[in-house]
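In full-length UniProt numbering, the protein residues as written are 1 to 632.
It is worth saying that the hints were derived from the structure and are not from the lab.
Keep in mind that this is a model prediction, so the values were computed, not measured.
Cβ atoms here follow ideal geometry from the backbone N, Cα and C, with glycine treated the same way.
Please note: incorrect hints may appear among the correct ones.
With a straight-line Cα cutoff of 20 Å, these simulated EDC-like cross-link-like pairs (lysine to aspartate or glutamate) come out [said to hold, decoys possible]:
1. Lys-421 with Asp-549
2. Lys-204 with Glu-279
3. Lys-421 with Asp-499
4. Lys-421 with Glu-547
5. Lys-258 with Glu-308
6. Lys-548 with Asp-521
7. Lys-201 with Asp-188
8. Lys-258 with Glu-326
9. Lys-201 with Glu-186
10. Lys-548 with Glu-414
11. Lys-548 with Glu-449
12. Lys-357 with Glu-326
13. Lys-357 with Asp-323
14. Lys-421 with Asp-459
15. Lys-421 with Glu-449
16. Lys-204 with Glu-186
17. Lys-548 with Asp-499
18. Lys-433 with Glu-410
19. Lys-451 with Asp-521
Distance ranges between label pairs, derived from CB positions [claimed, not checked]:
20. Gly-392 with Asn-546: 47 to 55 Å
21. Gly-473 with Glu-186: 40 to 48 Å
22. Gly-296 with Pro-568: 36 to 44 Å
23. Asn-520 with Gly-288: 46 to 54 Å
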Amino acid sequence: MPSAWTGPAAESAVEPVNVNSSASPETTVRSSYVPPHLRNKPQGAVGPVDNHSFGSGGGGLGESRENLGSAGVGNSLATAGGAWGSRSATASGIPSSGPGSGGRFSAGGWNKGGGSGDVRSNGLRSGSNGKSSWGVGSDPDPFPKEEPRDALFDQENTGINFDAYEDIPVETSGENVPPAVSTFAEIDLGQILNENIRRCKYLKPTPVQRHAIPISLAGRDLMACAQTGSGKTAAFCFPIIAGIMRNSPPGRPRGGRKAFPLALILSPTRELSSQIHDEAKKFSFQTGIRVVVAYGGAPIQNQLRDLERGVEILVATPGRLVDLLERGRISLSSIRYLALDEADRMLDMGFEPQIRKIVEQMDMPPAGRRQTMLFSATFPREIQRLASDFLGNYIFLAVGRVGSSTDLIEQRVEYVLDADKRSMLMDLLHAQKAQGTSSQHQLSLVFVETKRGADALEDWLCRMDFPATSIHGDRTQSEREHALRSFRNGVTPILVATDVAARGLDIPHVAHVVNFDLPNDIDDYVHRIGRTGRAGKTGLATAFFNEKDSSLARPLVELMQEANQEVPGWLMNFASRANFGGGRNRRSGGASRFGGRDFRKEGGRGGGDRYSSERYGGGYGNAGAGVSSAWD
DNA sequence: AAAAAAT
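Start from the sequences, fold in the hints, and give me the full structure.
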């Protein structure tokens, strides 16, 4: 069901890279994952193979992404009319309406003549130029030698407010917990990795890194509560990479069709896997370590070929990995490191059978002969069972959410009838646009409840001339990747999303999260608003609330009060009117913010014992509430 | 009730 954006005309509007002249290509074109089916392809093959529905515009998309920071992209930066900057667009001589974009850009309101056919051809050209100037080396080295490499390493850390990390509460428990470090220099990660850390401009470790890295380097299993944006990915990648370098530096490919990865990183969504893959590749630059990603929605042949070329670190979603295992193309017998990211999310999504199959029923070495790291935002019973089954004598680490219970995220709730939501959203987006400067994108992430709703809203926004795109599970993988990329780099600074984007995705600089439709579960709300105010920056979250959301009123008020937010009187009324014991909405006061506890402390070690609802570590607000359930 | 994930 292609939306307006999937047509060539729409594509032309979103394709140009942003217009902000003050931003260099290096900082505006984010590092992004190149899916297997786009790698090392002769140029002409990209469009058709890619299978996205952008028509003839397709080839350019993959290309411009593949050549980060290339001259080609710079070219389009200099000339293309960005969606935000009508003035610049016209100043660059781009017609205010072009072939194929007529109707949609006549309504005015957002910008006049932001995109055009000319722009699209520019985008395409940039792709081709990039291709020819940089080439796509046929070797696995992801970083062509000069500028592009710096571009990649520059991306993640710009503007992280490290001071905001200082106050984050951290708690550890377990036997002989290795002491935390306060600098990277205190840990022996090896020279190459240290160099990559420097390239990434990581000046000092984040709290989760300070604790998790020494724990993992000491060879201990780890169960950790930490959110994306806290530096979690590096926290489990550094020890893996350092360990591989120290104990079994990558040698020749083993040959044969079966791959024998040394480390496995499981994550719930394709986008998250792809993001981890990007990070891991940066960290293992010039180590010889090969990082391969495998997930569904992309042709398996390319992943098979990548695996055949050798893999030390495999990043995967569970479904595709099971497929590959069943085909006998991967053996887990060499696994020495296992990391499960967003474990609660994976269980929510029904992955437990696949995960258990991967970890327990294939040929992976058992706990004790491998090192296991489990990350989860909450600690319900299923996670606890998973932990006692997968981990041995582990250390428990809980890290507060960056910006939790602070005023880093300003939460607003507006009473809006369904019929008025669109016009209200329009007002917010206009206000958001007015706040942005020409050099700084003000990204807005709009959550809706259904995939249909996402399509509808995106279509409407586009018709109203808002530079919007969408991400949800009915879109093809390449559409999803393109949407995310185009959002991240500011081409379409409005992203309409279902909960596929609620967790895990680390999108820097989201200025505004709009809950166009509120979720039913307060946990989901917390995750959604967590897309803003990241890495110590401030953010704004606006929710549209009406009678349909009554059951969320009480937990929402509690949450806002904990975070010292101003709660509107009418919402208080909803909360007091709400029938008591609103089932699952009542659960999880604080676990999503400062999560959980070491349940071993409660004598519930092992199997069937239900954990008590008693709390521990009360110093951090509502810690641990998430594990008591409505069933108790 | 919806979303995500292997085909």
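* To do: Enumerate the violated hints, using their earlier numbering and listing them in ascending order.
  => none
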